[in-house]
Each structure stands twice: as C-alpha cells, then as structure tokens.
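2 protein chains.
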Amino acid sequence: MKAYPQLEARFKRLTVLGDVDSMLHWDMSAMMPLGAAAGRAEQMAAVKVLCHQLLTAPEIPDLIAAAEAEQGLGSWQSANLAEMRRQSARARAVDEELTEALARAVSNCEMRWRQAKRDADFEFVRPGLQSVLDLTRQEAQAIAEALDTSPYDALIDGFDAGLRESEIDRLFAPLVENLPKLLGRILERQKSAPLPLDGPFPVAAQREIGLKLMALLGFDFAHGRLDQSLHPFTGGAFGDVRLTTRYDEGNFAKSLMGVLHETGHALYEQGLPEDWGYQPVGRAHSMMLHESQSLLIEMQACRSKEFLTFAAPMIAQSFGRSGAAWSPDNLIRHYTRVQPGLIRVDADEVTYPAHVLLRYRLEKALIAGDLPLRDLPHAWNRGMEELLGVIPGNDAEGCLQDIHWFDGAWGYFPSYTLGAMAAAQFFQAAGESEPGILPGIAKGDFGPLVAWLRRHVHGQGSRLTPSELIHQATGKPLDAAVYLAHLERRYLA
Amino acid sequence: MKAYPQLEARFKRLTVLGDVDSMLHWDMSAMMPLGAAAGRAEQMAAVKVLCHQLLTAPEIPDLIAAAEAEQGLGSWQSANLAEMRRQSARARAVDEELTEALARAVSNCEMRWRQAKRDADFEFVRPGLQSVLDLTRQEAQAIAEALDTSPYDALIDGFDAGLRESEIDRLFAPLVENLPKLLGRILERQKSAPLPLDGPFPVAAQREIGLKLMALLGFDFAHGRLDQSLHPFTGGAFGDVRLTTRYDEGNFAKSLMGVLHETGHALYEQGLPEDWGYQPVGRAHSMMLHESQSLLIEMQACRSKEFLTFAAPMIAQSFGRSGAAWSPDNLIRHYTRVQPGLIRVDADEVTYPAHVLLRYRLEKALIAGDLPLRDLPHAWNRGMEELLGVIPGNDAEGCLQDIHWFDGAWGYFPSYTLGAMAAAQFFQAAGESEPGILPGIAKGDFGPLVAWLRRHVHGQGSRLTPSELIHQATGKPLDAAVYLAHLERRYLA
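So the protein sequences, as listed, match chains A and B.
In terms of this note's numbering, the first sequence has 13 at position 13, counting the first letter as 1, and numbering is strictly consecutive.
In terms of this note's numbering, the second sequence has 197 at position 197, counting the first letter as 1, and numbering is strictly consecutive.
In silico SDA-like cross-links for lysine to any residue, where the CA-CA straight-line distance does not exceed 20 Å: (1) B:12 with A:38; (2) B:12 with A:98; (3) A:305 with A:434; (4) A:443 with A:431; (5) A:12 with B:96; (6) B:181 with B:383; (7) A:12 with A:78; (8) A:12 with B:98; (9) B:12 with A:101; (10) B:305 with B:439; (11) B:12 with A:104; (12) A:212 with A:246; (13) B:212 with A:33; (14) A:212 with B:33; (15) B:254 with B:345; (16) B:305 with B:429; (17) A:476 with A:161.
Computed footprint of chain B on chain A, listed as stretches where at least three residues anywhere in the stretch have a Cβ under 8 Å from a Cβ of chain B: (18) 13-20; (19) 33-40; (20) 217-226; (21) 234-241.
Worth flagging that the hints you see were computed from the coordinates, not collected in a lab.
Backbone N, C-alpha and C fix where the C-beta goes; we use that ideal spot for every residue, glycine too.
Starting from the given sequences, assemble the full structure and let the hints guide the process.
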C-alpha cells in the first residue's frame with residue numbers, strides 16, 4: 001500500500017477520535033451533572049492521549065516523507081498532506097505526559113470556573129487556572145522550539161495556521177487608532193435610548209423563535225441541535241453540529257442574536273466538504289475564519305436593517321407583543337445600540353475590539369510570565385477602565401466572564417476581531433458578486449448568501465491558509481479598512 | 001514496576017474508554033439527531049477498536065501470569081486480576097477486524113431499527129439485523145472455541161460470567177411448569193377492572209413526579225440525570241449515571257414505574273465501590289444482578305401495597321386529581337393488574353417470563369442457524385400465540401419491539417427473568433435481616449433497603465460471581481421458589 005492512503009486511514013481514525021473528544025466536551029457543557037467532572041476529565045484525557053499517540057506514532061514522519069514523494073496526488077490530497085505534516089509537527093513537539101496533564105488540568109479548571117463565575121470568586125479557580133497556565137507555557141515553549149517562533153506565536157498558530165503576533169499587531173493598528181474616535185462620534189449620535197422591550201420572555205418562546213430563525217438560515221436539524229450552556233458555543237462532530245445558547249427571561253434580544261451567531265458557526269461546519277469530512281483538510285482549521293462566519297451571519301446579515309425589518313413582526317408575534325417598541329425601527333435601534341459595557345459577549349461591534357485588545361494584551365503578559373495570575377483581576381479592571389471607561393464590580397463581570405483561558409484556549413482571542421474584519425470583507429465581496437444577496441436577506445431568504453459562502457469559504461475546508469482563502473474569496477488581503485467602513489456606514493451614515 | 005500495578009494502569013484506561021463508549025451510546029439514544037448515525041457509528045467503532053487493542057496487547061497475558069505469581073495481593077486485587085484474565089481471554093478470541101465490523105453493524109442497525117419500529121417495517125431493518133446476526137455468530141463461535149463452550153453459552157457468558165444454557169434451563173423449568181396455572185388463577189380473580197385513570201398527563205408533570213420519586217429512592221442528581229429515549233435504559237459512566245424513560249400523555253403509570261425501574265439500575269451503578277470505579281472488579285459485570293436491582297426496586301419495593309399506599313396521594317396531587325380512582329387501593333389494582341399483552345416492557349411480573357422465554361427460544365435458534373431471519377416475524381407471532389394467547393397486529397408490537405438484538409445484545413434476555421427471581425430472593429433476605437425495611441418503604445424511606453443493597457450487592461462490584469454473590473447475600477443459591485411464592489402471595493393471598 002502506498003504511503004498516502006495509509007496516512008489517510010490513520011488520520012481518519014484521529015479525526016473521528018477528535019469528534020469523540022468534541023462530543024464529550026459538548027456533553028460536559030450542556031448536559032453533564034456537576035459531580036461527574038472528575039470522571040469526564042479522565043475520559044477526555046484518555047481520548048486526548050490516544051490522539052496524541054496516533055499523531056506521534058514513530059512511522060508518521062517517514063510516511064509523510066514517502067507520501068510527499070508519491071506521484072499523482074491531487075490538490076486536495078496535497079493540501080491534506082501538508083496539514084498532516086503541520087499537525088504532526090506540532091504534536092511531536094509535546095510529550096504524552098504533558099498532553100495528558102494539560103487535558104486533565106483543563107477539564108478540572110473548566111468545571112471549577114463554572115462555580116467560580118457563579119460565585120464571582122476568582123480565588124476559587126486561581127490554583128486550577130495556574131496549572132493550566134503553567135502547562136500551557138510549557139506546551140507553548142516546546143512547540144515554539146519546533147516551529148522556531150515565540151511561545152505566544154506557537155499558541156496563535158494552533159488556532160490560525162501561519163498567523164503571527166506581528167501580523168496581528170499590524171492588522172489591529174488601524175482599529176487602535178480609529179475606534180476610540182469613532183466610538184465618541186457614535187455615542188454622541190445615540191444619545192436617546194430606544195423604547196424598552198419589556199419582558200418577561202419565557203424560555204420556551206425564546207427557544208421557538210430561535211429554532212425558527214435557524215431554519216430560515218438553513219440550519220439542518222437532521223445533523224445538529226440547539227441546547228443550553230453557561231457559555232454559548234458550537235461544537236459536536238462531523239455531520240452532527242451542536243450549538244448552545246443561554247436564556248435570560250428579562251432580555252430575549254441577546255439570546256436570539258446569540259443563536260444566530262452560533263448558527264453562523266454551524267453553517268460553516270455543515271458546509272464543510274463532505275468527501276473530506278474525516279481528513280484534516282476537510283475540517284475548519286482556522287478560528288479566525290470560523291469567527292468570520294458567525295459574525296458575518298450575526299453582525300453583517302442579521303443586524304442589518306434589511307433583515308431586522310423582515311424579522312421584527314415574526315419576533316413580536318412570537319412573544320405576543322405589538323406597538324411602537326416592536327416596530328422594525330425600534331428593534332433596529334436596539335440591535336445597533338452602542339454602549340461601552342463590561343461583558344464581551346454582550347458587546348456591540350464597535351466596542352467589541354476593545355474587549356479583545358484587553359485580553360490580547362493580558363494573555364501575552366501571562367504567557368510571557370510578566371503578569372502573575374494573582375494580579376490578573378486588578379490588571380483586568382484597570383484595562384477596562386483605560387479602554388472603555390468602565391470598571392467591573394466583581395470578577396464575574398471581570399476576568400471570570402470568559403471560559404477561554406479556563407478551558408485552555410490561549411492565543412484564541414485575537415481571532416474574534418480578525419474574524420469581524422474578515423466578516424465585513426467577505427460580506428462586501430459576496431454582495432458585489434451576487435447582487436441578489438441583500439434583497440434575499442430582506443425577504444428572509446438566505447439561500448444566495450449561504451450559497452456564496454458554501455462555495456468560497458465553507459466548502460474549502462482547510463485547503464488554503466486563512467489568508468490565502470480571504471485573498472482568493474475577496475480579491476485582497478485581510479485588512480481593517482472594510483470593517484471600519486462598515487462601522488461608519490452602519491452607525492454614522 | 002510490578003506486573004499488577006501495570007495491569008491496573010492499563011485497565012484503568014480501558015475502563016475509562018468503556019465509559020466514553022457508553023456516553024456516546026447514551027447520546028445516540030437520548031440526544032443525537034437522526035442524520036448523525038453514520039458518524040456516530042465511526043466514533044463508536046474507533047473507540048471499540050482502541051479498547052480491543054488495549055485489551056489484546058501482546059504483553060497482557062504475560063503481565064497477568066506475572067501478577068498471579070506476585071505476593072501480597074488482597075482479595076479485591078485478586079478478584080480484579082481474575083476479571084482481567086476473563087476479559088482478556090474473551091477479547092483475544094476475537095480479532096480486531098471483527099470487533100470493528102460488529103461495532104459498525106450494530107450502530108447502523110440500531111439507527112435503522114428506530115425507523116423500522118416507527119414504521120412497523122421489519123424488512124427495512126432486516127439486512128442490517130442480518131449483518132449483526134452473522135457477525136455475532138462469528139464472534140460467538142470464536143469465543144466458544146476459546147472458552148470451550150457452545151456459541152450461545154459464549155454469548156451468555158459475556159453478560160453473566162459463568163452462566164450456561166443448561167443452568168438457565170434448570171432455573172426456568174419451575175416457571176414453565178407453574179406460571180401458566182398461576183396465570184389462570186390470577187386472571188380468574190382479577191375479572192373486574194380497576195377504575196380508569198383518565199389522562200391526559202402532561203409530560204412536564206410526569207417528569208416532575210418521576211424526579212421526586214427518584215430523589216426519595218436516593219438517586220444522586222449530582223452524579224446523574226433523567227432524559228427521554230425511545231427505549232428506556234440506564235447508561236452513562238462511573239459517577240455519571242444517565243437514565244432514560246419515555247412518556248405517554250395518555251398513561252402516566254407505565255412511565256413512572258419505568259423511571260423507578262431504571263432508578264433501581266442507577267442505584268446499583270451509584271453504589272459501586274468508589275475505590276475500584278476504574279477497575280474491572282469495581283464494575284457491575286452481571287446483567288442478571290443488574291436486572292435484579294431494577295426489579296427489586298420496581299416490582300418488590302415500589303409495586304408493594306406499602307409503597308403505593310404512601311405514594312398514591314403524592315401522585316394524585318402531582319396531576320391535580322382526586323376521587324376514588326386515585327385512592328391507594330385503586331392505584332394498587334392498576335399496578336398489580338395482570339393481563340397477557342404484546343409488549344414485554346409493559347408486561348406485569350406474572351406474564352413477563354413468557355416474553356423472555358419466547359426471546360430465549362428464538363435467539364437460540366437464530367444463533368444456532370436453525371431459524372432464518374426472514375421467518376422471525378412469523379415465529380415470533382406463533383410463539384406469542386402459544387405462550388400468551390395474543391397475536392401482534394404488526395411487527396412494531398412483535399419482533400421489532402425490543403432494541404436488544406438490533407443493538408447487538410444476544411444472550412441477554414434470560415437475565416431479565418433470572419433477575420426477577422434474584423430480586424425476590426434479595427428482597428426476602430433483606431427484609432428478614434433488617435425488619436425496618438418494609439416499614440421504611442411504607443413511609444417513603446428507602447434508606448434501610450438501599451443500605452442493605454449497598455452492603456450486600458452494589459458495594460461488591462464484580463468481586464464475586466453472580467451466583468456466589470446471591471448465595472452469600474441470601475444464604476442459598478438462586479432458584480425460582482421465592483419468586484413463585486412472591487407471586488402467590490401478592491396476587492392470590
């Protein structure tokens with residue numbers, strides 16, 4: 001048997017086990033009783049160690065070298081092989097002991113975080129987070145040596161292949177420069193508040209309108225489901241996309257837009273190239289691209305006045321409401337309201353980058369060892385004051401608000417804002433090449449938009465690097481200009 | 001490092017992966033969207049193959065032999081080692097290819113069965129079931145050669161270590177002889193029907209009273225949960241017990257007793273010896289004992305007039321009902337109503353053994369190759385007519401009703417009736433040694449009963465063979481006498 005098909009067989013098993021890990025993680029977040037945390041940590045560690053063993057099997061480098069010398073590989077197969085090489089190089093840098101220790105530390109820390117966040121008690125989770133951070137720094141160091149990068153770059157590379165801190169700084173610079181002024185002008189304009197949307201909004205009704213809009217967007221319920229979790233996310237497996245939201249009976253607007261956001265992620269997963277579903281090249285390997293898809297659906301499409309004008313009567317009806325507060329105009333004002341706040345996931349698209357910037361700066365300092373964990377709450381609060389002029393009243397609305405560091409995702413935050421920039425760029429390119437997209441959205445028809453995304457983004461899997469894909473789909477490299485122009489147009493036109 | 005601790009480390013990983021498989025199975029039954037079946041089959045096959053690889057690693061037999069020669073093992077460790085030897089001998093008999101093929105066939109067949117049952121269409125699932133049967137026969141043959149038993153005995157042994165067909169025949173003989181006469185006398189006595197309990201009973205209310213009674217029984221919700229599935233079962237992982245039920249808005253009684261039945265299984269799982277949770281000896285390896293625990297809770301404890309007298313007002317209140325139909329006496333008449341019917345899981349304890357006998361006879365013939373699968377529906381219907389005088393109107397209420405053959409459980413059915421016999425014997429022994437048990441149940445206090453079970457059954461794990469455990473806990477070997485006496489007393493006294 002040739003080397004390439006042998007690798008495909010091995011990586012299929014690996015990809016399937018990755019799905020198993022992901023299902024266990026979904027269950028942990030959406031279903032698992034609290035007392036089962038220790039057992040789940042064992043299960044996830046066992047699966048991760050087996051994945052690591054498969055990926056670092058001593059034959060793999062020779063097989064990859066042999067496959068690279070084989071004739072007749074198509075472009076997908078070559079890209080698949082390149083992705084195999086990348087994954088195996090990263091994995092070989094980290095030994096099994098560290099893999100297992102990190103898996104356990106993350107599972108335990110994530111479960112403690114739930115309680116710490118509920119009780120606004122950073123100290124309760126600090127030792128757990130310290131373990132995760134220490135082990136992550138070890139991992140980053142080991143991968144950095146193998147890839148010849150800095151430790152922080154090694155972490156970023158795990159979420160967005162090839163991306164580096166210097167490139168992020170370059171891409172963020174126009175935001176750092178322009179957003180504060182833009183924010184000032186927008187706040188000046190939005191002095192009067194929209195009419196309030198008074199609750200309560202029963203969870204069942206919120207869930208129902210969420211499901212209705214998911215269907216409208218083209219979510220395939222035969223291959224996925226919607227549930228609840230403390231921190232909304234999209235996970236699951238190939239052909240089985242699990243998204244979650246959380247409900248607040250006093251405010252339907254957040255949860256509903258959260259569902260649409262996650263549906264953007266889910267459409268990406270459901271649109272990956274079917275023939276390559278069990279190979280590395282068939283998966284979505286870039287978090288920046290993933291976030292671009294959720295933000296494209298949420299921010300570009302669903303917060304547009306075209307869509308909200310269409311959706312307002314459906315939403316009003318689902319809660320049995322009517323009147324001026326439920327008019328499209330007032331709903332649009334709610335969904336484009338800009339207000340510096342404490343919580344990233346509730347932030348509008350104008351202030352969101354400041355939340356990311358704070359986390360980007362802090363995680364770099366934590367990974368570099370320049371910021372002791374005990375000083376994190378204070379540093380967080382000072383950063384919020386400096387960047388947005390607001391100060392958390394406790395750590396639940398401060399450094400405990402996000403799951404990411406606690407579940408081991410370091411170097412991930414920048415992809416939120418890079419994703420927002422990419423979303424704007426994709427949406428503009430899509431609208432220019434398919435003039436039917438925006439009129440479609442105005443009628444609740446997402447077909448033309450999703451078709452464009454399927455062709456240019458989802459269906460590409462990991463065949464290209466994120467920057468290659470953006471360039472190919474939009475005709476230019478990623479930058480902040482389209483995003484800033486979008487903000488100007490939406491909030492100041 | 002000595003051999004025994006090396007084995008413990010290997011079997012811990014194996015046990016944890018078994019939990020992963022079990023979680024995937026729970027999800028498949030209770031949560032997974034239908035279109036995800038193919039992917040789930042891949043996942044479960046991958047995990048099963050890895051388990052098989054771990055269990056058949058070439059070093060294992062030598063490690064076991066070395067550990068058996070090591071000094072200073074305690075009785076739990078020795079029992080653990082014996083169980084390791086048993087599991088590894090069974091696994092080594094079956095090659096990896098067959099393990100994987102069977103895992104895939106079972107996952108696919110189980111998902112097709114859901115649709116076949118819904119549509120009462122045996123032909124839709126027949127090819128899938130044929131694959132499962134063919135592969136199971138191969139597996140049985142391979143294990144039979146290793147254990148020097150018949151193929152059917154090899155299958156039984158997988159559910160109840162050491163149990164053989166000849167022993168089952170001997171234990172079933174008094175039932176075959178006495179139950180038909182007993183049934184005739186009971187039906188004579190129960191000529192008048194109880195007052196009807198009129199629905200509808202909303203699912204939410206049914207769920208709530210189910211949860212309330214689970215709590216009363218001592219189910220630990222920090223380590224488990226209750227959901228819905230087409231076929232009720234108890235699964236999950238160590239420290240994370242997932243039970244399921246199904247609801248019928250026209251009839252709360254079945255679902256509620258179903259929840260109590262599964263809670264019996266769940267209490268067993270939650271009472272396993274904590275220190276041995278990740279070793280073979282710490283798990284419940286006998287299906288007969290497992291069923292004895294569910295039937296002890298359901299049939300012996302919760303259908304007793306003592307418990308139903310206590311529970312009737314709670315149940316009536318939870319549905320907002322009152323009046324003669326909701327009196328304890330009428331509820332007792334419902335819950336001790338004997339009526340030959342088509343559906344095993346709805347059967348009373350007098351006619352239940354006939355359902356098991358039918359399946360026992362049919363699966364022996366199918367495994368022996370004496371009954372072609374296409375003749376199964378006919379053979380089933382003739383058997384029902386002969387044993388219980390009723391004939392299914394379609395295969396959904398005939399040979400499609402149970403999940404077991406479709407999900408690969410062959411040689412499992414006898415344990416239901418052996419479990420019923422063991423339940424009666426345990427309950428009698430418990431009541432004799434702890435006189436507080438029945439008065440406790442009459443006040444809704446299951447503490448004394450569960451404490452006895454923890455000590456004599458749950459906490460024993462797999463330290464003893466099922467027959468040793470029954471003998472030790474009840475002072476005599478398993479037989480049908482106590483069970484028959486229980487039926488006489490409850491239905492004819």
